[in-house]
Amino acid sequence: ARAGDVLVFAASSLKTALDEAAQAYQAKTGQTVTLSYAATSALARQIEAGAPADLFVAASTDWMDTLAAGSLIAPDTRRDLLGNALVLVAPAPAAPLALADLPVRLGSGKLAMALVDAVPAGIYGKAALTSLGLWDTVAAQVAQTDNVRAALALVASGEAPFGVVYRTDALAEPRVATVADFPAASHAPIVYPAAAIAGRDSAEARALLDWLAGPEAGALFAAQGFTVLAE
Amino acid sequence: MTGWLGPEEWAAVALSLRVAFWATLCTLPLGILTAHALARWRFPGKHLLNGIVHLPLILPPVVTGYLLLMTFGTRAPVGAALQELGIFLAFRWTGAALAAGIMAFPLMVRAIRLSIEAVDPRLEQAAATLGAPRAWVWATITLPLILPGILAGAILAFAKAMGEFGATITFVSNIPGQTQTLPSAIYAFLQVPGGESAALRLVAVSVAVAMAALILSEVLARRIAARVGGA
Amino acid sequence: MTGWLGPEEWAAVALSLRVAFWATLCTLPLGILTAHALARWRFPGKHLLNGIVHLPLILPPVVTGYLLLMTFGTRAPVGAALQELGIFLAFRWTGAALAAGIMAFPLMVRAIRLSIEAVDPRLEQAAATLGAPRAWVWATITLPLILPGILAGAILAFAKAMGEFGATITFVSNIPGQTQTLPSAIYAFLQVPGGESAALRLVAVSVAVAMAALILSEVLARRIAARVGGA
Amino acid sequence: MTLSVRLHHAFAALTLDIAFDAPPGVTVLFGRSGSGKTSVADAVAGLLRPQSGRIAIGDRVLCDTQKGIWVPPHRRRLGYIFQQPRLFPHLSVRQNLTYGARFAPPDSPGPTLDAVVAMLGIEALLPRRPGALSGGEAARVAIGRALLSHPALILADEPLASLDAPRKAEILPYFEQLRDHSPVPVLYVSHSVTEVARLATTVVVLENGRVVRQGPADAVLADPQVTPLGAGEAGAMISATVRAHHDDGLSELSVGGLRLLVPRVSPAPGETLRLRIAAQDVMLATVRPEGVSALNIWPAVVTGIRLGEGPGALVQIEAGEARLLARITRRSVRALNLAEGTPVYAVLKAVSVARGGVPAR
Amino acid sequence: MTLSVRLHHAFAALTLDIAFDAPPGVTVLFGRSGSGKTSVADAVAGLLRPQSGRIAIGDRVLCDTQKGIWVPPHRRRLGYIFQQPRLFPHLSVRQNLTYGARFAPPDSPGPTLDAVVAMLGIEALLPRRPGALSGGEAARVAIGRALLSHPALILADEPLASLDAPRKAEILPYFEQLRDHSPVPVLYVSHSVTEVARLATTVVVLENGRVVRQGPADAVLADPQVTPLGAGEAGAMISATVRAHHDDGLSELSVGGLRLLVPRVSPAPGETLRLRIAAQDVMLATVRPEGVSALNIWPAVVTGIRLGEGPGALVQIEAGEARLLARITRRSVRALNLAEGTPVYAVLKAVSVARGGVPAR
Ligand SMILES: Nc1ncnc2c1ncn2[C@@H]1O[C@H](COP(=O)(O)OP(=O)(O)OP(=O)(O)O)[C@@H](O)[C@H]1O
Ligand SMILES: Nc1ncnc2c1ncn2[C@@H]1O[C@H](COP(=O)(O)OP(=O)(O)OP(=O)(O)O)[C@@H](O)[C@H]1O
Ligand SMILES: [Mg+2]
Ligand SMILES: [Mg+2]
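Residue numbers (our numbering), protein chains in the order written: chain A, 25 to 255; chain B, 2 to 232; chain C, 2 to 232; chain D, 185 to 545; chain E, 185 to 545.
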């Protein structure tokens, strides 16, 4: 990146939202923003290995905590940027459903989720199902994918009758219908933390981060279905 | 987890072996046929066939996985037809084998094709003058002479199948005990901070298995070479 | 986005070509040497070398990428040493080429090795009796005779390099214009709902490029075969 | 059964334009290196598809480009002994030998494995693979492999070229026996006049892809015009009837009423055989020689004299009904005052007669 | 320079145990198929590493297993004409021919490309690739390739086996000239007695991997013990001095005082040459024959008679200083009452003397 450009490492599930935001920011300020999307784990490791990223937007807090523990982020810049919610989807069209009925409705079908011990959406989903007392009954039928998008695709293609995905994903995929919302209390809050990288927290980077946390970007994110967490 | 590897991990090892073995074995006849066609026959659409064979190499594995889902999914025409025949692929280890086989196919075909091209057609002619019909010539002259290439192709395919991840998880997801192969398990460990050491143990197993297969294939190849080389 | 592909996408196409080209070209000499050693020499540790060559095939690409990051990252010893020498790999296209080259290496070596094993050593002996030193024999007899294998190996490597994704994105991330290859771009599109059509366009470009390369290699191979076959 | 070959095929450097008929027996294709012999054999075997032509054995058409007939090689039932052995490297010698056996019709006549192995002296090689065989060993295995497929037509492309003289002497009688006692036609490529003389029923001489001379072996070989092929090669073929076999190892033959003593031949008394008398082995005398070791002295008359470029002359004589050639010096022609009609004595050493002798020197 | 070969090497089926010295000139390795000729040539070329042994040219040691000396093939400066041509398939014939030229020391003596191409008659093949060459064409290119590397030692493994007689006649003089006018030793493998007789300075006879006989060509070939190699092969080597060349194409030689007329030879008057007189070409008479076409009638005396198994007998005679062999029938031995000491006349046709004749029949 040329001097003055800002390079943002962001979890791939944020692509649509961040692409739009970056474009708007660029149009407004003339500031060049470059976005590199990959799995949060990969990006975090790259930052540990000295990647030239200025900002990091993760899909979960654990990797951000890891970076923070290693003093790799500028602590004062860390904030929870966005929130999301977890929903149960089925191939469209589908009627709403009470979560408690899930095991029955699932029958012998598969419940598509992201990796339940590894990928944030899967971890949240497992926690939610556990707290609802459903996990043990459905566990054997969970089909895990390497990312939440692939889980969505399994539902969209009709391969799996149900899937646990983010609300944002469900909204953007016309071939699925949201049949139930998971109560926010059933899992740890879904947050997308953001921070500037230690030593690279230039004025431009901080300005972008502030703007992303501001109302203009907030409107764009909200339109995608995200919860805007920043003040 | 009990002992060095937990039961789920052992299951993943066993599954990976099964998947790689069957993927290699079942694609071998088709691989040989395709290699033969590409090496020896002239037909319209040869370039196309060659391209299709290489496709899994060119496409990101995720794409291949999606294409598989769209072709062999339960709702997809081919997948449905196969189910009628009692062949179930979705969410089964058989589907993992299919994915691995397809991903390994180009490697196998190239190796076999090179050996076929190296066979001296004058030997096949000699066999024909002795009265052997084409299929017999093929089975008794060509096939034994290309065994080193078949072996090389098979071992490449096996190694690839042991390592295949992207297409597999996208197509059949990751169901412990059913479709969780070693690479899926390794991937899962790498997604969470601190999972490296667990991943490393699985990597070690994976490498050991593949090394054993490689050494076996080298020993076999040397025997074959000695048989053909004379003495 | 202007026209069919946006500038970022064109950049990805150009980058992928560059990465695949250099990955193939630079690994070719080492690939030939390794293939020759495996085919012809006897030395302790041959099995080990063979195993290491196949490693990228066996390991999930993420692991390879991770290992690369651990080895060639700016903070890793080797990476730091190389930087002293002015060789920058991490988060550069050169790193993408390294990753692609390593992933393609086993395919290249196998193809070339098979051709070397098919060369009649009696021709090399004949050249030696005519006074040609070993290196000259190799350059004037062995090399021309294995050209088909080298070509096959190179095209396999090129195709693999065009499609390589897991190790690349893990090692050098996915920075548009710098390390975003076609597969990374495709991946990013596939991570968000609605990205399929954009991904599809890139897949088409990828396939077209690879097809062109394949056809070119077939034509070249036929010429070489005609030269060696006589007439 | 007659093999009939008509073919036209243009290579970059040579155009084949071939027409000949090979009656039963051994037809030798004779001609210089590069004249197209192997190509003709390939076409008969179905390994070369001629641009145009027709090839048939009796009324079995193997190839007719006009009618679009093409019998693939494996249905032609032939045994092709290739110029280079082309053994299967991954099979043992025994497996090489028996490769064609399963495709031979069960009742097809032909030698047994044991007979062929004994004739070729390859017992010790049976379990080995061909990789490390010597040149001559490989050539012998290749001969055996072709014979053991019990073919309906044998193509032999210089089968004996890499063999030593004793080995040749052991194998040649097999081809003679094929010629004399088997209906299987043999197309035999050779550079050796001795082999041609011993084996050929018919000789087809190729030059630059064309047939320049063809016909019964006696006619072609007795023709002084064939001398361009090599001065040492002139000679005549004669037919002889076996009269008796003597105890001292000689056989008494009758050649048109004249007695001919030669080392023991195999045919029984009453049977006829063909002999080649090389022009070099015939001496002429104007006075009947006495007290000489030569056992055959025939009264004859000179019927023609052909003086060459060098010191030699080729004298055609008639002894009884037999026509012989004698190669002597011009100086002797003058010294003996030879002319057409001069009565002479033809002196032939019994050991010189080619048949039953050792083929190569 | 003398090539000295001592080697021991055990194959699975054959153990080589070889010791011979090849003085300058042509040393012919003679022996049946599978006797180890090619293996010996391979060892000299450095392609077979003997289990033990020593190989040296003059005082240049190529291999000495005791001292651990091993010169790799490419530093041995030899031209190896392999039994199978082994041409480089991806190079044109011209490139094949010139492949070794760049490694020859700049001042090394040897023929030019043009001379070799003309001798072998391969002008038309130069731009082609070896793939589609005929058997004889490939063999000729292989000969040329070896000669053009200007070697210090030539190994020729049956170089002429697949060539027609006229072609052989064109190439043989080249080897004769090498033998007579060049210091380059030639190790020559051949099955053809004619070639051996014309070329050999020294003959080494192999049997089952062992040297059973070696020595100057005249001695080995004149020895009746060599007959087991093939009945037709007996003969004697004699040395002759050229007296004069006559106008009618004959050369007058002197063999120990006796006059011998033969077709024109190349050496000038006063020079000596070696001739082979085949036992089959010698007729014996107890009465001096008159009016015969044979020009050479020598008084001689029988010095030995060897009766074979068959109808033949081998009679050793001395004419002047020359020792000859005559192959006649036992019947003639009896009829002429031959015994040791019997005075006889040896009758030799001028045209039968092998040298200057056409090598192969
Ligand atoms: N590498 C080897 N391994 C085992 N046996 C071998 C090897 N090379 C040669 N032989 C055997 O040694 C013997 C001698 O072989 P060689 O090629 O030297 O024979 P040759 O005298 O050249 O015969 P020919 O006249 O048929 O060419 C043969 O029986 C052959 O099969
Ligand atoms: N496929 C081909 N393409 C081009 N030229 C060919 C082909 N096959 C043979 N020729 C040429 O045709 C000529 C005849 O070849 P062929 O092999 O029939 O000769 P031949 O009579 O068997 O000679 P030899 O006695 O040397 O084996 C040769 O000059 C050869 O180079
Ligand atoms: Mg030929
Ligand atoms: Mg040999």
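Don't take each hint at face value.
Covered stretches of chain A, as calculated for chain C (at least 3 residues, CB under 8 angstroms) [unchecked claim]:
(1) 34–47
(2) 50–60
(3) 134–142
Cut-off 25 angstroms, straight-line C-alpha distance, at most; resulting in silico cross-link-like pairs (SDA-like, lysine to any residue) [what the hints assert, rightly or not]:
(4) Lys47(B) / Val206(C)
(5) Lys47(C) / Val206(B)
(6) Lys352(E) / Asp402(E)
(7) Lys47(B) / Ala205(C)
These aren't lab readings, by the way, just hints derived from the structure by calculation. Given the structure is predicted, the values throughout are model-derived calculations rather than measurements. We treat Cβ as the ideally placed atom computed from N, Cα and C, and that holds for glycine.
Now for the hints, and whether the structure bears them out:
1. 34–47: Per the Cβ count (4), the hint holds.
2. 50–60: With 3 residues in contact (Cβ-Cβ under 8 angstroms with chain C), the coverage given for the segment 50–60 of chain A holds.
3. 134–142: Coverage by chain C is violated here, the residue count being 0 at a Cβ distance below 8 angstroms.
4. Lys47(B) / Val206(C): holds (21 angstroms)
5. Lys47(C) / Val206(B): Distance of about 21 angstroms is within 25 angstroms: holds.
6. Lys352(E) / Asp402(E): holds (22 angstroms)
7. Lys47(B) / Ala205(C): Satisfied, since the Cα-Cα distance of roughly 20 angstroms is no more than 25 angstroms.
Hint compliance for this structure: hint 3 alone is broken.
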